[in-house]
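There are 2 protein chains.
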Amino acid sequence: MVKCKAAFRPLPEGGVVFAFDSLHSTAIKERPVDLSFLDTVKFDGQGLIPCVAQDAETGEVLMVAYMNKDSLKDTLEKKLASYWSRSRQKYWVKGESSGNTQEVKEVRFDCDRDCVLIKIKQNGGAACHTGMRSCFYFKATDQGLVEDGVRVFNPEEVYGQ
Amino acid sequence: MVKCKAAFRPLPEGGVVFAFDSLHSTAIKERPVDLSFLDTVKFDGQGLIPCVAQDAETGEVLMVAYMNKDSLKDTLEKKLASYWSRSRQKYWVKGESSGNTQEVKEVRFDCDRDCVLIKIKQNGGAACHTGMRSCFYFKATDQGLVEDGVRVFNPEEVYGQ
Chain A
1 MVKCKAAFRP LPEGGVVFAF DSLHSTAIKE RPVDLSFLDT VKFDGQGLIP
51 CVAQDAETGE VLMVAYMNKD SLKDTLEKKL ASYWSRSRQK YWVKGESSGN
101 TQEVKEVRFD CDRDCVLIKI KQNGGAACHT GMRSCFYFKA TDQGLVEDGV
151 RVFNPEEVYG Q
Chain E
1 MVKCKAAFRP LPEGGVVFAF DSLHSTAIKE RPVDLSFLDT VKFDGQGLIP
51 CVAQDAETGE VLMVAYMNKD SLKDTLEKKL ASYWSRSRQK YWVKGESSGN
101 TQEVKEVRFD CDRDCVLIKI KQNGGAACHT GMRSCFYFKA TDQGLVEDGV
151 RVFNPEEVYG Q
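Going down the list, the protein sequences come from chains A and E. Read in order, the letters of the first sequence correspond to residues 1 to 161 in this note's numbering. Read in order, the letters of the second sequence correspond to residues 1 to 161 in this note's numbering.
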């Protein structure tokens, strides 16, 4: 049964507007996302799976991080990227400190189902904790590694000293 | 000292053409690639580093595989992708069976230097051993996983039954 919200909003001149909120009906909100395939995803010995985050618009690879089952489930359900921090050993919603959250537009798995690819909108313009747009800002040349990336923010200003 | 190859090739009518091969001079071939930064790359407990292979032209993420130090070194020096197969526990030049080699156009490392991104030309048009163009052909939808990819070859014809 589809339940729709309706509201009468008073106008300054005393009339009313009938607002019909079918897009946010209870029925649509309650439709479950089928995540039964999560049982076929292969996590490694630490219960993690690597995830490639790619800019949905430009195709730029922004970062690679790891997800445990909870963060993968939340990423799929909430369409907001969350990971497992191996260094801090904790669940981590990307952008919880910096505000640079990742809105998830598409989630893909590879042939072996042991790697995830997410296509995202990177809020704030930077995926890297160093303030660079992409984490992959070290380019290999025949003369060694060179820094080659776009700086978006100063990490000292965002995370503090 | 620059050494250049030169050759006289006879023409059908009896003349000669002077061919000057400066692009493939010995001097250029002998110039060493500086790989001293390899000591700063972080390999995991198994001596491996994950590598994202991305189509250099289209930006499509084609596969994620693992490299050990030897395969990373060879990839950088020979500009042809090689990996470490975790399932077969062996060094593996991509395309050695299928012919679908990967010409390396660019190599990047992330901020932590524990992940590699290579931008490649995928010969044969397919990166996946299943014959799909990209390994990431399982797309997550609210109704579950669906196959969504481009099939380039039949693996039974390429690898045998």
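Treat the hints as calculated values from the structure; they're not laboratory data. Warning: the hint list may mix true and false statements.
[Claimed, not checked] Which chain E residues face chain A? A few, computed with CB under 7 angstroms, are given here:
hint, residue
1, F37
2, L38
3, L48
4, N68
5, Y91
6, W92
7, G95
8, T101
9, R108
10, G124
11, F153
[Claimed, not checked] If you anchor each label on the Cβ, the simulated ranges turn out as follows:
hint, chain 1, residue 1, chain 2, residue 2, range
12, E, G47, A, R113, 29 to 35 angstroms
13, E, E96, A, V150, 23 to 29 angstroms
14, A, G125, E, E106, 18 to 24 angstroms
15, E, K105, A, K105, 25 to 31 angstroms
16, E, Q89, A, S87, 26 to 32 angstroms
17, E, D34, A, N68, 37 to 43 angstroms
18, E, V33, A, K78, 27 to 33 angstroms
19, A, K121, E, D70, 37 to 43 angstroms
20, E, V146, A, K121, 19 to 25 angstroms
21, A, K78, E, G160, 41 to 47 angstroms
22, E, D112, A, D70, 33 to 39 angstroms
23, A, V150, E, D142, 31 to 37 angstroms
24, A, R88, E, R151, 28 to 34 angstroms
25, E, R151, A, V150, 50 to 56 angstroms
Glycine included, every Cβ here is placed at the ideal spot set by N, Cα and C.
Results of checking the hints against the structure:
Hint status for E:F37 relative to chain A: holds, with the closest Cβ pair at about 5 angstroms, below 7 angstroms. Residue-level restraint check for E:L38 is violated (minimum Cβ-Cβ distance to chain A is 10 angstroms; threshold 7 angstroms). Look at E:L48: its Cβ only gets to about 11 angstroms from chain A, farther than 7 angstroms, so that hint breaks. With a least beta-carbon distance of about 17 angstroms to chain A, the hint placing E:N68 at the interface is violated under the 7 angstroms criterion.
Restraint check, E:Y91 versus chain A: the minimum CB separation of about 19 angstroms is more than 7 angstroms; hint violated. Given the 7 angstroms rule on beta carbons, the hint for E:W92 is violated: about 15 angstroms separates it from the nearest Cβ of chain A. Interface restraint check: E:G95 against chain A, minimum CB-CB distance 16 angstroms, threshold 7 angstroms, status violated. A least Cβ separation of about 19 angstroms between E:T101 and chain A goes past the 7 angstroms threshold, and the interface hint is therefore violated.
Annotation: interface hint on E:R108 holds; nearest CB of chain A at approximately 4 angstroms, less than 7 angstroms. Because the smallest distance between the Cβ of E:G124 and any Cβ of chain A comes to about 16 angstroms, over 7 angstroms, the interface hint for this residue is violated. Taken as an interface hint, E:F153 does not check out: its beta carbon lies about 14 angstroms from the nearest beta carbon of chain A, beyond 7 angstroms. With their beta carbons about 24 angstroms apart, E:G47 and A:R113 fall outside the hinted range of 29 to 35 angstroms.
Under the hint 23 to 29 angstroms, the C-beta atoms of E:E96 and A:V150, about 37 angstroms apart, miss the expected range. In this structure the hint that A:G125 and E:E106 lie 18 to 24 angstroms apart at CB holds, the actual value being about 22 angstroms. Checking the proposed 25 to 31 angstroms range against E:K105 and A:K105 shows it holds: the Cβ atoms sit about 26 angstroms from each other. Range check, E:Q89 to A:S87: about 28 angstroms between beta-carbon atoms, so the 26 to 32 angstroms window is met.
The hint said 37 to 43 angstroms for the Cβ distance between E:D34 and A:N68, and at roughly 38 angstroms that hint holds. Range check, E:V33 to A:K78: Cβ separation about 45 angstroms, and the 27 to 33 angstroms hint is violated. As the Cβ distance of A:K121 to E:D70 is approximately 38 angstroms, the hint placing it in 37 to 43 angstroms holds. For E:V146 and A:K121, the hinted distance range of 19 to 25 angstroms is satisfied, since their beta carbons lie about 22 angstroms from each other.
Distance hint check: the CB atoms of A:K78 and E:G160 are about 45 angstroms apart, consistent with the given range 41 to 47 angstroms. Checked against the hint of 33 to 39 angstroms, the C-beta distance between E:D112 and A:D70 comes to roughly 23 angstroms, which is inconsistent with it. Hint check: A:V150 to E:D142, Cβ distance near 34 angstroms, so the stated range 31 to 37 angstroms holds. For the pair A:R88 and E:R151, the beta carbons lie near 41 angstroms from each other, so the given range of 28 to 34 angstroms is not met.
Between E:R151 and A:V150, the C-beta spacing of about 36 angstroms breaks the proposed range 50 to 56 angstroms.
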